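Asker: Residues per chain, in single letters:
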Amino acid sequence: MQKKYNGKINPRNAVYTAVAVVLAMLPAFLNPYWVDVLNSIGIYAILALSLNIIVGHAGLFNLGHAAFYAIGAYTAAIINTRFGVPVLWLLPLCALTAGLFALIVARPIIHLRGDYLCIVTIGVGEIVRIALINNVFGMTGGANGIFGIDRPSVFGYTVRSPYQFFYLIWAFAGLTIFLFHLLEYSRFGRALNYLREDEVAAEGSGINTAHYKLACFVVGAAWAGMVGNIYAAKMTIISPESYSFWESVLMFTIVILGGSGSIPGVLLGAFLIIGLPEIFREFANARMLIFGAAMVVMMIFRTQGILPSRPRSYKLSKLRAGEGSP
Amino acid sequence: MKKLLLVALALALICGSAYAAEPVKIGLMGPMTGSWASEGQEMKQVLDLLAAELNAKGGLLGQEVVVVSEDDGGDPRTAALAAQRLATQGIVGVIGTYGSSVTEATQNIYDEAKIIQIANGSTAIRLSEKGLQYFFRTCPRDDEQAKVGAQAIEKMGFKKVAIVHDNTTYAKGLADEAKGILDANKDIEIVFFEAIVPGERDYTAILTKMKGFEPDVVFFTGYYPEAGLILRQKQEMNWDVPFIGGDATNNPDLVKIAGQDAAAGFYFLSAPLPKDLPSEDAKQFLEAFSKKYGNPPSSIYAVLAGDGFRVLVHAIAESKSTDPDKVANFLHNDIKDFPGLTGKISFDDKGDRVGEVYRVYQVDDQGQFILMP
Amino acid sequence: MEQFFQQLTNGLAVGAIYALIALGYTMVYGVLKLINFAHGDLFTIGAYLGLTLLTSLALTEHIGPVWGVSVLAVMVMGLVALIGALLDRLAYRPLRESPRLSAVVSALGASIFFQNTVMLIYGARFQVYPQNILPKTAINIFGLYVPLIRILILLASIVMMGALYFFIQKTKVGTAIRAAAIDQGAARLMGIDVNRVILMVFLLGPAMGGVAGLMVGLYYGQINFTMGWVYGLKAFTAAILGGIGNIPGAMVGGILLGVIEAMGAAYLSIAWKDAIAFCVLILILIFRPTGLLGERVAEKV
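Chains as they are written, first to last, in the working numbering: chain A, 1 to 326; chain B, 1001 to 1373; chain C, 2001 to 2301.
If you are wondering where the hints come from, they were derived from the structure by calculation, not from laboratory data. Everything numeric in this text was worked out from a predicted model, so none of it was measured. Any given hint might turn out to be false.
To be verified - Derived CB-CB ranges, DEER-like:
(1) C:N2132 to B:G1062: 53 to 59 Å
(2) C:F2005 to B:V1191: 20 to 26 Å
(3) A:A14 to C:C2279: 51 to 57 Å
(4) A:L276 to C:E2002: 51 to 57 Å
(5) A:L276 to C:S2098: 18 to 24 Å
(6) A:A171 to C:C2279: 38 to 44 Å
(7) B:G1058 to A:Y157: 46 to 52 Å
(8) C:P2248 to B:Q1366: 45 to 51 Å
To be verified - Computed cross-link-like contacts, DSS-like style, restricted to lysine-lysine with a CA-CA straight-line distance of at most 27 Å:
(9) B:K1320 to B:K1344
(10) C:K2136 to B:K1211
(11) B:K1057 to B:K1025
(12) B:K1336 to B:K1283
(13) B:K1209 to C:K2136
(14) B:K1057 to B:K1292
Don't be surprised by glycine CBs; every beta carbon is placed ideally from N, CA and C.
Throw the hints in and build the complete structure from the sequences for me.
Answerer: Here is the structure:
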């Protein structure tokens, strides 16, 4: 886990560092099953963080994020199985294809109001899934999906066991957290927040809303595409049912339940939404029932999400002239 | 903490019971929730019954047999987690699972953990083409079934064939294989080849479209819920084209859904049903199952899971070992015509079940499944 | 040409069911601006309750098929309406003042809960309605064979939608619902009890969804616990297509979606029909961003 450290110890940073250290040590005490649960949590945490840019920061109602995840995964799978390019080298390409796809589909629909955007993103997700099932361009293998994807290798060292994947996935998660944290406090992040709070006022202040909305869609999608790459490398087989509407729902739920717009919230959300069904395994057939009820209850008691984002605050003394405005 | 207590409690119970040593654990991975929950829950019923019977007779290698079941949710990601979880619980082998792509997501995990996997419903050809030494299946492969289906169509003298699948791995595989065989026959023309969307209720649009192509017979490779609806809606349209279904249509619920009139005359391919097996084992099993759960098993795949369990238990008993290499070796080489519930079982080098398993059945006026000669 | 008309009737029958379910989405959305993702599962519950009541009370044997089914429909509507009201009270009302998307997650949780409750009560196997409750005759209309039940379904849903439309447009309560949909605050100032309006909406919408479930059970015969997910998504699409929040829009959207699907299956591809329907939806939204009958909402300034 990468950590931001800037010389002085802030109590919050200390907590985060402690959490990161504990997390990094965890595999030593866990069996492969629980490590793999953590891996699953890691993958969904990154996906949800990428969705958080779109839903949490910009306030765009996206219920089709699985489409971008799918495009990244299939890009990696197709190129790797056909041309033998090592799967991790394809990360930038996966980001590119997923981002490009987002740019193309989002361009005409970006002006739609909240709930209309929601159904359109659901539609895009379904269209992608149906295209994958129907073996579009003869490349996606239909319902069978693509199998025989290489395991990733890092510096000539093949990542194979759940323990090794744990460090690969959570290193990527750490990088994601770091970069998205920077993004959150950048001019871009502030502009997105403005847009979420009041689109008309944002436009009035000279923010090109369509441009920013599109940009956040592309960034979020590109990141989901990279997660797709890692997922493909981990599973070594991918098939369309891994990218159903339900997956988009999961990611969305993680973001809202954890705390829309808040990185620690989204991480906690991933632990709850992906981890709880595993803990509830003891309830056998009733496990999803309890999970559904838990979702409602958590939402009622923490209506803003479990760890909501706090309003920005700046120390006056730290502000340089002209930096406070977006 | 609760887990630890449970484990301690379980250990205490085991130590105190007649069995001095650790029980033999056999895993079950099946879809207990999600769209295919009915299959997984019945698989568990079958295995629970068989394990109870076995334990009543003194267990295995002098020890108790415990079935450890996990939910694969019918989706690959959940299945991979279920497999990891099973792999940490000291099981000798695992029975399952139903869907081919779901099985595929778990194959490497079991192989790396040296756990014998006996799939019960995963018929996709490629699963056994990877040279995995611990992988077996009691269900036949799609190409085997397609061969029998195509032969049946040729024998009955149909010339214009419509093939309908549902875009699942299994149904598409079967449809493609059948198409390949029938394309080679010059007398037979495939006039229609399309996929329906499973899980819907109204299939009149596809029936209306298909009727326009005037096929002599329709080969439907999907599952029974859709097959039942299609038969029913076909009858409502007053269209009397004969239908042949793949083995996923073999389910008593098919007749309930379609209604007796609409189901009458429907052909389907299947491994011989337990009622048509002369073996005493099968009869006893059916009786015991009905007695315990109130109705006979509805899915052939659940029975195939039972066969997987029985063959695995047999191999462990005969090789007197729970060492995966020895058991796998025994399954590959030393099992010849094991009397399974669904017929004789032997495995080839790839772990596929050997021999012609499929028969053609027809539904009669009373909704009974009659074995065609 | 015969194909075309036959497919048109297929599409209309499917669309009528979509429309009935879509009404529930659109009414709740109109007043609360909430996408009630659990609505599809209320439809499932309607189908299962219908089956239980049908087999346990044997009404159709005692008082004949017409009266039996009518009484059954009323009972199912009543029960599902109660569940709908309860759902609102427990899962949505505590979230009235919180961000809109929080309520959406609560709705998704409720959906998972309902779906698995049905699975645990009735089992995961497909359940089957008894056959031959309604006549199986087909009517020959200008050379088209149309099963009588299809016509009955279409008629029943048109009658119900008509009644609902009349209720919303002409009665006092309906006027209050419309007023609350336009501006809750202003409605409250005009002396409208908005909480009662919301309760009304959560009684009416689920009642429509529940009776749609009963109709699907009676006609198609086969039901299972996941059916609400598929129908719910389709009906939500229909509601958006017509312009969400708009009651005639839901009806038009539902019927249109059914017809688009049937035509897509007939003339393009069956496997791609859902993708085709979504493409049409996206195209319509690009040119009419608030759906076919949705009003253009002025941006707040």
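Asker: Now look at each hint and say whether the structure bears it out.
Answerer: Evaluated hints:
no., hint, result
1, C:N2132 to B:G1062: 53 to 59 Å, "holds, 57 Å"
2, C:F2005 to B:V1191: 20 to 26 Å, "holds, 23 Å"
3, A:A14 to C:C2279: 51 to 57 Å, "holds, 52 Å"
4, A:L276 to C:E2002: 51 to 57 Å, "holds, 55 Å"
5, A:L276 to C:S2098: 18 to 24 Å, "holds, 22 Å"
6, A:A171 to C:C2279: 38 to 44 Å, "holds, 40 Å"
7, B:G1058 to A:Y157: 46 to 52 Å, "holds, 50 Å"
8, C:P2248 to B:Q1366: 45 to 51 Å, "holds, 49 Å"
9, B:K1320 to B:K1344, "holds, 22 Å"
10, C:K2136 to B:K1211, "holds, 20 Å"
11, B:K1057 to B:K1025, "holds, 17 Å"
12, B:K1336 to B:K1283, "holds, 22 Å"
13, B:K1209 to C:K2136, "holds, 22 Å"
14, B:K1057 to B:K1292, "holds, 17 Å"
Checked against the numbered hints above, the structure breaks none of them.
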